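Listed below are the residues making up each chain.
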Amino acid sequence: MDWQNIFSLALQQGLGPSAVVYCLAAIGLNVHFGYTGLLNFGQAGFMAIGGYAMASVVSTWGLPFWLGVVVGLLLAVVLALLLGVPTLRLRADYLAIVTIAAAEIIRQTVGSVSLLEYFGGQDGLTGFSDSFRSLNPFSGSIGIPGVVSWRANDAWVMLVGWILVVICCLIVWLLMRSPWGRVLKSIREDEDAVRSLGKNVYSYKMQSLIIGGVFGALAGFITALKSAAINPSFFATDITFFAYTVLLVGGAARVLGPVAGAIIFWFLLSFLDLFFTQAAATGLIPESIMTSNQASLMRFIFMGLALMLLMIFRPQGIFGDRKELALDAR
Amino acid sequence: MQTGIRRIAGLLLAVVVAVLALSGTAQAAAAAAPTAADAPACVLPEITDDDTISILGRICDTRETPQTPVEGVDITVEDESGNVVGEATTTAEGTFEIPLPGTTVDNLGKTFTVKVDEKSMPEGAALRNPDDVTRDVQINLDNDVSVSFPVGEAAGGEGIATQGLQLLVGGIVFSTLLAMAALGLSMIFGTTGLTNFAHGELITFGALVAYAVDQLPGAIRIGGTDVTVVVAVIVSFILSGVFGYLNDKALWKPLRMRGTGVIAMMIVSIGLSIFLRNIFQYVAGGQNHNYSQYAAVQPWEIGPILLTPKDTAVALLGVAVLIAVSLLLQYTRIGKATRAVADNPALASSSGINVERVIAVVWTGGAALAGLSGVLLGLTQGFDYQLGFKILLLVFAAVVLGGLGTIWGAMLGAFIIGIFIEVSTLFIPSELKFVGALVVLIVVLLIRPQGLLGKAQRVG
Numbered sequence: 001m002d003w004q005n006i007f008s009l010a011l012q013q014g015l016g017p018s019a020v021v022y023c024l025a026a027i028g029l030n031v032h033f034g035y036t037g038l039l040n041f042g043q044a045g046f047m048a049i050g051g052y053a054m055a056s057v058v059s060t061w062g063l064p065f066w067l068g069v070v071v072g073l074l075l076a077v078v079l080a081l082l083l084g085v086p087t088l089r090l091r092a093d094y095l096a097i098v099t100i101a102a103a104e105i106i107r108q109t110v111g112s113v114s115l116l117e118y119f120g121g122q123d124g125l126t127g128f129s130d131s132f133r134s135l136n137p138f139s140g141s142i143g144i145p146g147v148v149s150w151r152a153n154d155a156w157v158m159l160v161g162w163i164l165v166v167i168c169c170l171i172v173w174l175l176m177r178s179p180w181g182r183v184l185k186s187i188r189e190d191e192d193a194v195r196s197l198g199k200n201v202y203s204y205k206m207q208s209l210i211i212g213g214v215f216g217a218l219a220g221f222i223t224a225l226k227s228a229a230i231n232p233s234f235f236a237t238d239i240t241f242f243a244y245t246v247l248l249v250g251g252a253a254r255v256l257g258p259v260a261g262a263i264i265f266w267f268l269l270s271f272l273d274l275f276f277t278q279a280a281a282t283g284l285i286p287e288s289i290m291t292s293n294q295a296s297l298m299r300f301i302f303m304g305l306a307l308m309l310l311m312i313f314r315p316q317g318i319f320g321d322r323k324e325l326a327l328d329a330r
Numbered sequence: 001m002q003t004g005i006r007r008i009a010g011l012l013l014a015v016v017v018a019v020l021a022l023s024g025t026a027q028a029a030a031a032a033a034p035t036a037a038d039a040p041a042c043v044l045p046e047i048t049d050d051d052t053i054s055i056l057g058r059i060c061d062t063r064e065t066p067q068t069p070v071e072g073v074d075i076t077v078e079d080e081s082g083n084v085v086g087e088a089t090t091t092a093e094g095t096f097e098i099p100l101p102g103t104t105v106d107n108l109g110k111t112f113t114v115k116v117d118e119k120s121m122p123e124g125a126a127l128r129n130p131d132d133v134t135r136d137v138q139i140n141l142d143n144d145v146s147v148s149f150p151v152g153e154a155a156g157g158e159g160i161a162t163q164g165l166q167l168l169v170g171g172i173v174f175s176t177l178l179a180m181a182a183l184g185l186s187m188i189f190g191t192t193g194l195t196n197f198a199h200g201e202l203i204t205f206g207a208l209v210a211y212a213v214d215q216l217p218g219a220i221r222i223g224g225t226d227v228t229v230v231v232a233v234i235v236s237f238i239l240s241g242v243f244g245y246l247n248d249k250a251l252w253k254p255l256r257m258r259g260t261g262v263i264a265m266m267i268v269s270i271g272l273s274i275f276l277r278n279i280f281q282y283v284a285g286g287q288n289h290n291y292s293q294y295a296a297v298q299p300w301e302i303g304p305i306l307l308t309p310k311d312t313a314v315a316l317l318g319v320a321v322l323i324a325v326s327l328l329l330q331y332t333r334i335g336k337a338t339r340a341v342a343d344n345p346a347l348a349s350s351s352g353i354n355v356e357r358v359i360a361v362v363w364t365g366g367a368a369l370a371g372l373s374g375v376l377l378g379l380t381q382g383f384d385y386q387l388g389f390k391i392l393l394l395v396f397a398a399v400v401l402g403g404l405g406t407i408w409g410a411m412l413g414a415f416i417i418g419i420f421i422e423v424s425t426l427f428i429p430s431e432l433k434f435v436g437a438l439v440v441l442i443v444v445l446l447i448r449p450q451g452l453l454g455k456a457q458r459v460g
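Note that the protein sequences, when read in sequence, are chains A and B. One point on numbering: in UniProt numbering, the residue at position 18 of the first sequence is 18, and numbering is uninterrupted. One point on numbering: in UniProt numbering, the residue at position 403 of the second sequence is 403, and numbering is uninterrupted.
Since the hints were made in silico from the structure, they are not lab data. Computed from a predicted structure; not experimentally measured. No residue lacks a Cβ here, since even glycine has one placed at the ideal position from N, Cα and C. Where hints are given, some of them may not hold.
Output of the computed footprint for chain B on chain A, the stretches with three or more beta carbons under 8 Å from beta carbons of chain B [stated by the list, open to error]: (1) 82-94; (2) 304-314.
To give an idea of the interface, some chain A residues facing chain B are shown, with a C-beta separation under 10 Å as derived from the structure [said to hold, decoys possible]: (3) ALA102; (4) TRP173; (5) LEU248.
Selected chain A positions facing chain B (in silico; Cβ < 7 Å) [unchecked claim]: (6) VAL98; (7) ALA101; (8) ILE105; (9) SER233; (10) SER292.
Build the full structure now, drawing on both the sequences and the hints.
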């Protein structure tokens, strides 16, 4: 068991591009679920819309990268409007089912053979990140020698990604301390009370859905850029569930909750993966009990268990305030 | 109420046994059918159960009725690396038989490509499906493999109508299975308010338990007939019920007692779904599984429609179970109590109904139904650890379409979604059929948020 290696690689993942993606997605969910009480189970759909818009604008239509980013953000707004109109008047569980269905519609549509020439089917798209990578100031390997290191491309994605995270957190912080944010929080606590004060609850919910969806699209950009490729499997239903776990670990309705959650989640996830893989490989756990394939599943088994236990025993997460999530802590 | 529970269990079991027995006779009838057909009809060669695997096949001209065999077409079989391992020419009966080199064990899991030489076809004849010139055949079972290459337009020439009818039949078979799963989900929602995202795992659980029983060494025989899979279905039905009961007892009941909110429970169910799904993959691996029996059966040709005895049995069993459950809910004490709790738990409780007991029954019954639908899905199409997760959204669509928490709505919704999925492939690519169903779900919510049979109450 090479503990130093395990910690180094877990740290690499905990701060790496994947953590950035989940952090951005969870910031979006924080606006939806943490502050407004909207149960959006289709965050993967917003990510897919963003990522695919950027990738196809560049790869399929040969237009500039920045235009792709703008189109991605606009389409996320459009998706939020499309989803919001039928669902925001419905009860929370209906919203959950519709958003999860919408995300799956998007994923299966972009992966279909019928649209192969635009979105590349199951193989997806590549070759859209050249102009982004050409701006990369790094070269070689970046990090603290002997402790942790990243490849130059990852470091560049991380730099941009964490800057985005800081900006998003700042936006959320400013929004939520404004009167507008207080209305959102009161919608979460008691929708009818807000309505009786003359506020247009529907309109506030829609604005919240749009803002969180745009953060989701940012997560989609980083998903595509970190591997310089995009395909439908990046946006499976489970991605949304993992993002919820990230949010709940850190603490919903806390500006920095998603940031802490993403780092902890990815550190633990890769720690468990490395631990069990090494334990299976070195014979610490006999082959008859756990093969290397099975070892890679242990982290998800623990994750599912953690999500259950967290929601049951500590719904406010590590940094949350139990009173803030009164809707569930009854 | 105790008797009510026992009666439900007894009736369901009786239905399962009866329909599976029926499927046994159907199997026998199917085997007898080809010999009854007129000679030079186009029939597949007999499947032999020896130590080698052969690829058997036929080429029939479906432009005429009865179908006529096509003679003298050259067929080659290639292995994965493109080497020709066997050749044949169709006989006067339109059939060919190509034994694969090596014994059964050598060939298991390999893929072979069967190629039809189009140049050797008679003038004016072409395969009905032009892409069919080569076909990949995977050897999964220790039986011979049969392939058939229909020539010409579909019989009767009413292309789209025939196709539509065939899809409709397929849709009905799938619907009955979807309805069983949807019924459980809807009843659990109705009585406890839980939107159970782990319901898909109850479906997979059924398929897995049956597979485990099926894989036990030795075959279970009654009077010389191999009934291993039948026993597996019954065992998994019962164990699924037990699993559902334990689910409620160990997790959901304590949560209800603590007063956990419905949204929190929903997220807990997502955690449970991820947890169970990965355990299933841990145990069963990532590959696709098939049961040892009924994997390759010859279809009946009823008019222009092809229908396998297996699908018929599955659909009949499904319908019988659904009718049995409906009757139980409609007429027995526990059934009435269930509907009362689904309607208004507080009122039901105050009129002396033991709500917790009803919920325990619903969990047991709902999970047993879900498990049964899982086994039957596995029987019709094979299964992997994601079986239930893949159709979970369709189950949700069915339930929401019919009206969340309503019992008849769940069945109605399942039939609409199931049939829509299959028949819609006439007009949209089949890879997008799930998308079509999900779009229907969203459109219905726009127009009628409470679902088709839901009460017009505020849902938001």
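Going down the list of hints, with the structure as the test:
1. 82-94: With 10 residues closer than 8 Å to chain B, the segment 82-94 of chain A meets the three-residue bar; holds.
2. 304-314: Answer holds; 9 residues pass the 8 Å Cβ test.
3. ALA102: holds (7 Å)
4. TRP173: Since chain B brings no Cβ nearer than about 25 Å to A:TRP173, farther than 10 Å, the hint is violated.
5. LEU248: holds (7 Å)
6. VAL98: holds (6 Å)
7. ALA101: Status holds, d = 4 Å.
8. ILE105: holds (5 Å)
9. SER233: violated (13 Å)
10. SER292: Hint on A:SER292: violated, closest Cβ of chain B at ~12 Å, above 7 Å.
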